[in-house]
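A.B. asks: Residues per chain are reported as follows:
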Amino acid sequence: MKNGTIALVGNPNSGKTSFFNALTGSNQHVGNWPGVTVEKKEGKFIYQEKEYDVVDLPGIYSLGAFSEDEVVARDYILTGDPDVIINIIDAGNIERNLYLTTQLLEMKKKLVIALNMVDEAEKRKIKFDLEELSKHLGAPVIPTVAHKGIGVGEIMEAAINAIGDKTSIENPLIYSGVVKHHIEHMEEILKNNNLPYPIEWTAIKIVEGDLNILKKLEEVNVDKKIIKDIKEYYKYHTSDSFELEIVDSRYAFAHKVAEHSVIRPLEEVITLTDKIDRILTNKYLGIPAFAIIMLVVFQLTFAIGEKLLGSFAASSIEGLGRLLEIFLIKIKAPGWLVSFIIDGVINGVGAIIEFVPLITVLYLLLGFLEDSGYMARAAYVWDDLMRRFGLQGKAFISMIIGFGCNVPGIMSTRTMDSKKDRMITMLITPFMSCGAKLPIYSVFIAAFFSKHGGLVLFSLYAFGILVALIMAKLLNKTLFKGDSSYFIMELPPYRIPTATNVIRNMWDNVSGFIKKAGTIIFLVIIIMWMLAVLPASVEPYSQYSILGTIGTFLAPIFRPAGFGTWQESVALFAGIPAKEAVVGTLGMLYAGQYVEEGVILVNAIRQHFTPLTALSYMIMVLLYTPCAATLGIVAKETRSTKWPLVMAIYTFAIGWFVAVIVYQIGSLLGFS
Amino acid sequence: MTKNLTSLGKGEGGRVNSIEAGRYATKRLYEMGLNTGALIKIIKNDSGPVIISLNGNKVALGRGLAQKVILEV
Ligand SMILES: Nc1nc2c(ncn2[C@@H]2O[C@H](COP(=O)(O)OP(=O)(O)OP(=O)(O)O)[C@@H](O)[C@H]2O)c(=O)[nH]1
Ligand SMILES: [Mg+2]
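Protein chains in written order, with my numbering: chain A, 8 to 679; chain B, 4 to 76.
The set of hints was computed from the structure by calculation and includes no laboratory data.
Treat the hints with care, as some may be off.
In silico SDA-like cross-links for lysine to any residue, where the CA-CA straight-line distance does not exceed 20 Å [what the hints assert, rightly or not]:
no. : chain 1 : residue 1 : chain 2 : residue 2
1   : A       : K9        : A       : Q55
2   : A       : K48       : A       : N10
3   : B       : K44       : A       : L273
4   : A       : K132      : A       : A265
5   : A       : K47       : A       : K427
6   : A       : K427      : B       : S56
7   : A       : K290      : B       : S10
8   : A       : K130      : A       : K173
9   : A       : K9        : A       : V79
10  : A       : K222      : B       : R66
11  : A       : K57       : A       : V79
12  : A       : K155      : A       : T645
13  : B       : K44       : A       : D281
14  : B       : K71       : A       : I196
15  : B       : K13       : A       : R285
16  : B       : K44       : B       : E15
17  : A       : K290      : B       : R66
18  : A       : K290      : B       : I45
19  : A       : K130      : B       : K13
20  : B       : K71       : A       : K9
21  : B       : K71       : A       : K155
22  : B       : K13       : A       : D281
23  : A       : K232      : A       : I196
24  : A       : K142      : A       : I196
Quantities reported herein were computed from a predicted structural model and do not represent experimental measurements.
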């Protein structure tokens, strides 16, 4: 039974998703920068045995949408018809947040206002007169601290009460002078018609020059004459004639409300944020600070994930494998079953599970960064450099998210205003090495560079950034010409990351990793295993098997890059459905051969690679075709099949090219 | 007297007089609170984007854009 829909609307980073999670028990991504949520999310809330739908939306500053994520929110507010809106307001930034509120009031939406982040406002010695605030806005106002769940219950009660409330909503904002005259004129044109929105609001939007509203009216087939009249009107008054005046009027109202209900200290309190920013955004220290932060992330990932926990996980899986083998032989299981379970499942899928500790640590650390407020600073310090490569600072946020996983990295480009910036950023995100590639590097690092694991990893990631920037420049000069767009970024206060947020984000990724190991990777490994042991007439895992034949055919492609065995070639292709399968396939094909001698994968790698070919292999893995999920999201975001195809091919070419150069130059210099 | 944002130093400030950027950038800035008469304080203006404070909330603006924000000082 449908009892009602409650939508969460507010400025970016005001705490909507924290609220949503607290209400619905969902685990949506929360982070401390504007633009974390880029799509609509739905959940359920049960109150007195009745179920309500709750909708979380991307953050917006106004109803005139500039970027894709804002379009999602705007369209939902316009056409989704929620029964009540919980408007989440950042108490520390009340005027700007009220600017959006005024627009919701203009639309005559039923509102309940959550005055969020009152804990921080209190620290900044900002005080509120809640009754006054509520009186001016004509809606209940309740102070909340969303990430701690404080006030969430009261808000819901107020929202549910509001659903049943039949009193009509008054728009408290009255325009004056010429603007008022024009709005009235427009109302005259619109009246006596079946409009999808309140007439007064529609009139305001048309005078404001929001061309989207005209499009919406055309879509719902209002009287042709109205459309003609509106177009006629725009002939005399260009659509931007009153745009800024209307913004000013709304702000004047917001200021008036704030004047009556907010008491600010005479002197701004100097916060810890100001002090930290003096270092992290410093002219000379900004980029070095970024490099140090990333280096620390990778060193810790290696020190804790690999050294401390990794070897434990590896030995448990090996131990389990040996026990299983003894057991299988004891019960006289057929040879193919033993081979499948030991080579395929244990050496293949198990090889991947061994890396769970490693990626757990990586995601904990990335989550910590995301929830700290540093992301916006990274965008800030990189803006200048990015600009030289034809992009802007915001692209860097997508790139860092890409370090965790390319899929959300690519989705986060929705927040970009410029189509050109967005396309370029999507196309370079695959060079940001994701968590799923970590197992591959870590095997090679363990085999050849174990003394400097963190450093090698850091260098690979840094190299990925470099290639991404060069490609951005190339794309800018060829396919996507034009200036990079303007950079506007709010810098939220630093917040001590909450354990729940960090663990939630980590678990989201790690459980996905484990799930993948059990599904798609498992499937890939089964297929690889079958191809490797068939036909039954040949020696399993030999180059005469089906897989061996395919691999032998492909191997010459990679010979110039130094790693020309058939196993290494098929492993790369196995990695296209999911990157982890590279290690899984190598594990099955190489360790399988040595299983009698009990040689583990790392030793097998040592026998088949040299430090130089290991390096060129890692570079190939770093740069070549991203996983199927990434290509899929590019198809979805660009609504085309062309771009994912372009991406798959050009990244492959670049990976191959760079790997060849590294190997050839390395050989010339006498490395092996 | 009017001055553009980039010509002001740390700690200085003024009220927004006008913004001479393109239509969308201008509206975006207005809607983010840099509307006519808004009080702005410079937090940082050396290299890279300019950081301003609006009621104690920080916003970074690319230099090119900041140049187009004209303040009454
Ligand atoms: N101090 C404090 N922090 C909060 C509060 N509510 C949320 N946060 C933090 O603010 C940050 C942003 O929270 P989100 O819930 O992601 O905000 P959002 O509105 O969904 O953001 P977007 O999706 O980017 O629009 C996170 O770091 C939260 O932990 C609060 O009441 N007090
Ligand atoms: Mg959110």
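A.B. asks: Look at each hint and say if it fits the structure.
C.D. replies: Evaluated hints:
no., hint, result
1, A:K9 x A:Q55, "holds, 14 Å"
2, A:K48 x A:N10, "holds, 18 Å"
3, B:K44 x A:L273, "holds, 15 Å"
4, A:K132 x A:A265, "holds, 15 Å"
5, A:K47 x A:K427, "violated, 24 Å"
6, A:K427 x B:S56, "violated, 29 Å"
7, A:K290 x B:S10, "holds, 17 Å"
8, A:K130 x A:K173, "violated, 39 Å"
9, A:K9 x A:V79, "violated, 23 Å"
10, A:K222 x B:R66, "violated, 35 Å"
11, A:K57 x A:V79, "violated, 28 Å"
12, A:K155 x A:T645, "violated, 38 Å"
13, B:K44 x A:D281, "holds, 14 Å"
14, B:K71 x A:I196, "violated, 37 Å"
15, B:K13 x A:R285, "holds, 12 Å"
16, B:K44 x B:E15, "holds, 6 Å"
17, A:K290 x B:R66, "holds, 14 Å"
18, A:K290 x B:I45, "holds, 15 Å"
19, A:K130 x B:K13, "violated, 24 Å"
20, B:K71 x A:K9, "violated, 51 Å"
21, B:K71 x A:K155, "violated, 41 Å"
22, B:K13 x A:D281, "holds, 13 Å"
23, A:K232 x A:I196, "holds, 9 Å"
24, A:K142 x A:I196, "violated, 33 Å"
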